[in-house]
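As you go down the protein sequences, you meet chains U and W in turn.
By the count of this note's numbering, the first sequence reaches residue 295 at its end, each step adding exactly one.
By the count of this note's numbering, the second sequence reaches residue 751 at its end, each step adding exactly one.
Since the hints were made in silico from the structure, they are not lab data.
Each residue gets a CB set at the ideal place from its N, CA and C atoms; glycine is no exception.
Treat the hints with care, as some may be off.
[As the list claims (entries may be wrong)] Here are some, though not all, of the chain W residues that point toward chain U, as calculated from beta-carbon distances under 7 Å: (1) Trp-76; (2) Thr-77; (3) Glu-78; (4) Asp-339; (5) Ser-341; (6) Asp-343; (7) Phe-348; (8) Ser-361; (9) Ser-366.
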Amino acid sequence: MSPEWTRRGVLSGALTGALAASLLPRRALALGAGSRIRIAELQLSSGTTSRPEAWRRLLYEVVQATSVVCDPTPVSLSPEDPALFAHPFSVLVGTGALPEVSDAAVAQLSRYLSYGGFLFLDDASGSLDGDFSRSARRLASRLFPTRPMAPLPGDHSLHRAFFLIDRPAGRTARASALEGVTLGPIAPLVYCADDLSGALDRGPDGRDRHPVVPGGEAQRREALKLGVNLVLYSLTSNYKHDIAHVMELMREGRLE
Amino acid sequence: MSLLLGEGLGSQGELSFTLGPATLTALVVAGVLAWLLAWWTGRQAPSGWLRRGELLCWALALGVLVFALAGPVWTEEEGRIEEGRLVVLVDGSASMAVRESGEARAEQVEEILALLGPDVDLYSFDEELRPGAPTSYTGRGSDLGLAISTLADRYLGQELRGVVLISDGIDRGPLSEDLQAARESGGDLDGLLPPLGGPLTVYQVGGEQRIRDSAVEDVLSGGFAFLRTDVSLRAVVRGQPGATLEVSLSREGRVVESKPVLLDAEGRGEVGFTVRPVRVGRFAYEVSIPVEEDDAVPGNNRFPVVLRVVRDRVRVLQVSGSPSYDTSSLRLFLKEDPSVDLVSFFILRTQEDMMSGWSSEELSLIAFPYERLFSEELQTFDLVIFQNFDYRPYFSWGSESLLENIATYVEEGGAFVMTGGDRSFDLGQYAGTPLSRVLPVQLGATGPTSDETPFRPVLTPAGRAHPLTRQGATDAETDAIWQRLPEMDGYNIVAGLAPDSATLLAHPSATVGGAPAPILAVREHGRGRSMALMVDSSWRWSFSEAAEGRGNQAYLRFWKNALRWLMADPEDQRVTVSPSRENVLVGEELRIVVRARDAGYLPLEGERIVGTILSPAGETTPFELDTDASGEAVVLFQGQEQGAHRVEARLSSSSTIRGESVFAVTDRDPELVELEARPQLLRDLAAAAGDASGYRGPGDRSGPLLDADAGRERLDRRVRSLSAVPLVGLLFGLLASAAWWMRRRAGAR
Chain U
40 MSPEWTRRGV LSGALTGALA ASLLPRRALA LGAGSRIRIA ELQLSSGTTS RPEAWRRLLY
100 EVVQATSVVC DPTPVSLSPE DPALFAHPFS VLVGTGALPE VSDAAVAQLS RYLSYGGFLF
160 LDDASGSLDG DFSRSARRLA SRLFPTRPMA PLPGDHSLHR AFFLIDRPAG RTARASALEG
220 VTLGPIAPLV YCADDLSGAL DRGPDGRDRH PVVPGGEAQR REALKLGVNL VLYSLTSNYK
280 HDIAHVMELM REGRLE
Chain W
3 MSLLLGEGLG SQGELSFTLG PATLTALVVA GVLAWLLAWW TGRQAPSGWL RRGELLCWAL
63 ALGVLVFALA GPVWTEEEGR IEEGRLVVLV DGSASMAVRE SGEARAEQVE EILALLGPDV
123 DLYSFDEELR PGAPTSYTGR GSDLGLAIST LADRYLGQEL RGVVLISDGI DRGPLSEDLQ
183 AARESGGDLD GLLPPLGGPL TVYQVGGEQR IRDSAVEDVL SGGFAFLRTD VSLRAVVRGQ
243 PGATLEVSLS REGRVVESKP VLLDAEGRGE VGFTVRPVRV GRFAYEVSIP VEEDDAVPGN
303 NRFPVVLRVV RDRVRVLQVS GSPSYDTSSL RLFLKEDPSV DLVSFFILRT QEDMMSGWSS
363 EELSLIAFPY ERLFSEELQT FDLVIFQNFD YRPYFSWGSE SLLENIATYV EEGGAFVMTG
423 GDRSFDLGQY AGTPLSRVLP VQLGATGPTS DETPFRPVLT PAGRAHPLTR QGATDAETDA
483 IWQRLPEMDG YNIVAGLAPD SATLLAHPSA TVGGAPAPIL AVREHGRGRS MALMVDSSWR
543 WSFSEAAEGR GNQAYLRFWK NALRWLMADP EDQRVTVSPS RENVLVGEEL RIVVRARDAG
603 YLPLEGERIV GTILSPAGET TPFELDTDAS GEAVVLFQGQ EQGAHRVEAR LSSSSTIRGE
663 SVFAVTDRDP ELVELEARPQ LLRDLAAAAG DASGYRGPGD RSGPLLDADA GRERLDRRVR
723 SLSAVPLVGL LFGLLASAAW WMRRRAGAR
């Protein structure tokens with residue numbers, strides 16, 4: 040949703056904006072730090088990696104491009120940690136086979152996802168059907184025994200939560216679709232096989248840590264758009280499937 | 003001879019006995035045994051003519067006795083011819099009481115009956131046939147066909163001197179349609195009436211001059227409507243052909259709209275009124291037309307009707323200035339509730355975000371249709387939620403009028419919620435706007451406008467009693483749940499509580515104007531309701547509770563209670579009043595169910611309910627009942643007065659826990675809808691009865707057609723008992739005495 044621009048509105052806004060800006064009360068950024076969007080990285084004893092700079096970059100972009108209020112500093116947690124429930128957006132970046140997750144962790148994660156939490160499984164292994172992929176699928180089946188992980192269709196709300204995107208892109212671009220488990224109006228668990236965080240990660244010098252193949256910088260840009268969409272989707276669920284949005288986008292020719 | 007046999011015993015008759023064959027046989031056997039006893043006891047006597055004479059006399063005496071005890075009956079039959087009856091049928095329906103030229107039609111009936119004389123079989127009819135003259139002319143609907151058929155059955159096979167029908171020809175039965183159809187198709191009218199056994203004479207009363215009566219014949223409403231959806235009320239009116247009638251629609255006694263209606267050549271017209279109900283419940287409307295001085299039936303010039311307004315689904319508009327965990331949780335709750343029709347608008351990008359280097363072609367954003375939403379579409383919503391939404395950057399044009407629209411919407415029955423955040427309340431610069439006048443909190447705080455120190459809200463005394471903040475079955479349970487719910491991240495500071503508002507949750511330590519700072523406040527303003535939640539972290543009531551394994555019940559219950567309270571549906575009150583029908587006829591029994599629920603909305607058993615039914619004229623019918631196991635008490639009521647009746651009921655233990663409803667009583671006597679006499683029907687009726695029939699128009703007092711030869715054979719039957727005939731007693735006495743004399747003479751004892 041963007042504000043509607045009219046010529047009259049722009050003129051009146053421009054005339055009054057400069058004067059009003061100095062008079063407006065200073066904005067708070069949400070009421071308290073706890074309500075700002077912050078990313079929780081789940082860490083296991085092996086098979087996972089941490090990419091705080093990737094998430095910092097992502098939330099910086101979310102702040103720049105959207106109205107969402109964020110705290111860009113990620114927090115690292117174990118799946119059993121009760122503090123997980125203070126951070127409804129979580130990620131797990133995998134590089135290889137995951138150790139067996141405890142039943143207590145599965146129970147907590149299941150509750151977390153069932154009551155509004157969101158988990159993004161990012162496969163950084165570079166392999167489409169590697170050890171992490173198998174581990175991620177096994178974890179998903181333990182979390183949702185009756186709901187298999189399935190490819191998200193092209194018209195899924197995640198693909199239009201903020202940007203219009205056609206297909207997933209990360210450090211690689213081999214998978215044709217994101218996968219996820221759907222519960223009612225939202226898919227609380229989403230799996231990406233193309234190392235999204237790898238495309239966003241930066242080194243201490245501020246340079247990109249990994250080359251992006253095969254698309255180069257254009258693909259990295261697409262990865263950033265996917266990251267922004269993930270955050271927005273976790274906050275708006277299937278909002279972009281509401282009839283008002285679909286009709287308007289179709290009317291403008293941006294959707295078929 | 004008659005001395006011996008009794009009076010009137012003829013020679014042409016038939017003897018029979020009243021005793022059955024078995025009893026008769028037993029009696030004969032007893033007689034034989036008695037004769038043998040006489041023979042046995044006299045066997046010592048020498049035989050001779052005396053002995054033989056004695057036994058003969060005993061045999062004859064016993065024979066006479068057996069004959070007398072057997073119940074002999076003498077039956078004689080004699081036939082004679084009697085003159086045929088004159089049968090008179092008088093229409094006793096309400097239309098016969100209509101006055102024409104100052105005289106009721108029924109008064110002409112007396113003249114005609116006097117003409118016919120006293121020797122008649124008189125019947126009256128409306129929906130059924132009754133012997134005798136009408137006691138009053140109040141019958142609902144006359145059925146000429148049924149009356150004639152019943153009469154034909156009753157006199158089946160008899161020759162009648164004549165049949166007379168006295169009526170105005172207003173028929174509500176199928177016969178009139180049959181006659182009309184046969185006449186219009188050129189068919190034969192014969193066969194439409196059963197054989198009557200005599201010539202039919204039809205006397206028409208009324209119709210000498212045209213009746214002046216205007217009426218609202220019907221109002222078609224369907225009985226119910228959906229909230230905020232146009233519904234049409236169509237009224238059918240009648241009056242003088244070519245005249246223009248001013249038809250008015252009133253609601254709760256106030257005229258809503260009036261429209262002129264030009265009546266057609268038949269004197270009929272239709273008019274439609276469109277209403278858009280903005281509240282749920284039952285509402286009384288009335289369609290009326292003016293009453294002229296010479297109006298024959300003023301009572302049919304108004305037609306009350308009650309419309310039941312129901313909510314299809316709760317239509318919610320959620321507007322969020324910034325997607326957050328709070329907006330996400332509320333959207334998921336509303337989206338998953340099948341009783342909610344949710345329209346969400348999230349501001350995903352502000353003007354400040356537009357310099358971030360992304361082209362609009364890459365974005366899936368649409369324009370925020372704020373002008374349409376907050377003007378023409380606003381009335382289609384039951385609830386509007388501003389969730390951390392600041393209007394200024396988006397209402398680029400007409401912000402004052404759009405906020406005024408929202409305030410008016412609340413005052414006219416809508417519901418509004420504002421939740422906290424860095425774009426809400428004073429931070430959203432709503433102070434001094436029209437919207438501030440409907441909020442339950444006062445804006446314009448002079449100091450800081452937010453506080454980011456975590457805190458746990460506390461229940462106020464008002465919150466402990468209010469259904470919105472109820473979390474458990476008991477007060478203690480509700481208290482315990484609120485005390486264990488997680489801390490909030492911060493809150494919006496306001497200048498205080500608005501008039502006529504209540505703080506349900508307060509800050510545990512901060513105060514405003516000496517009172518605890520409101521965290522959750524509610525207000526009933528005009529016909530609508532508003533709620534202010536000063537935090538943007540209510541999502542923690544769901545998520546943190548789930549972390550403890552307690553699910554998200556506290557969050558769901560809070561928002562479900564909020565929706566229920568904000569909607570203010572009569573069906574969701576603790577005492578509800580539900581008439582079984584919205585519209586009933588005068589005298590028709592209506593079942594009114596009063597339901598009582600406790601604070602947790604569970605049925606209240608054994609609760610005393612007191613209430614009244616208020617008629618249009620102000621007459622009250624009180625009632626007092628106890629609820630059953632399902633929390634229900636039933637009142638049965640028969641309305642006798644036309645118009646809207648209001649029912650009020652409350653718990654006897656509380657003056658505030660109450661409910662009310664309304665129903666309409668209609669006096670739609672079909673006899674009084676069409677008042678003009680129908681001579682054509684009466685002519686057709688006479689024609690259908692065959693050649694030997696006649697029609698007497700208004701004022702025609704010539705005598706009825708009579709069949710002078712009509713008569714019937716009457717069979718007189720006389721039955722006489724012979725047991726008490728003097729001859730029987732005399733014979734028995736003589737024979738028994740002779741037998742006894744001869745027995746003694748013969749020497750027997």
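Status of the hints after comparison with the structure:
1. Trp-76: For W:Trp-76, the interface hint is violated, since the closest Cβ of chain U sits about 100 Å away, which is over 7 Å.
2. Thr-77: For W:Thr-77, the interface hint is violated, since the closest Cβ of chain U sits about 95 Å away, which is over 7 Å.
3. Glu-78: violated, 98 Å
4. Asp-339: Violated: closest Cβ of chain U sits about 11 Å from W:Asp-339, beyond 7 Å.
5. Ser-341: violated, 15 Å
6. Asp-343: Cβ of W:Asp-343 sits 11 Å from chain U, so the hint is violated.
7. Phe-348: Given a least distance of 6 Å, the restraint on W:Phe-348 holds.
8. Ser-361: violated, 10 Å
9. Ser-366: holds, 4 Å
Consistency with the previously given hints fails for numbers 1, 2, 3, 4, 5, 6, 8, ordered from lowest to highest.
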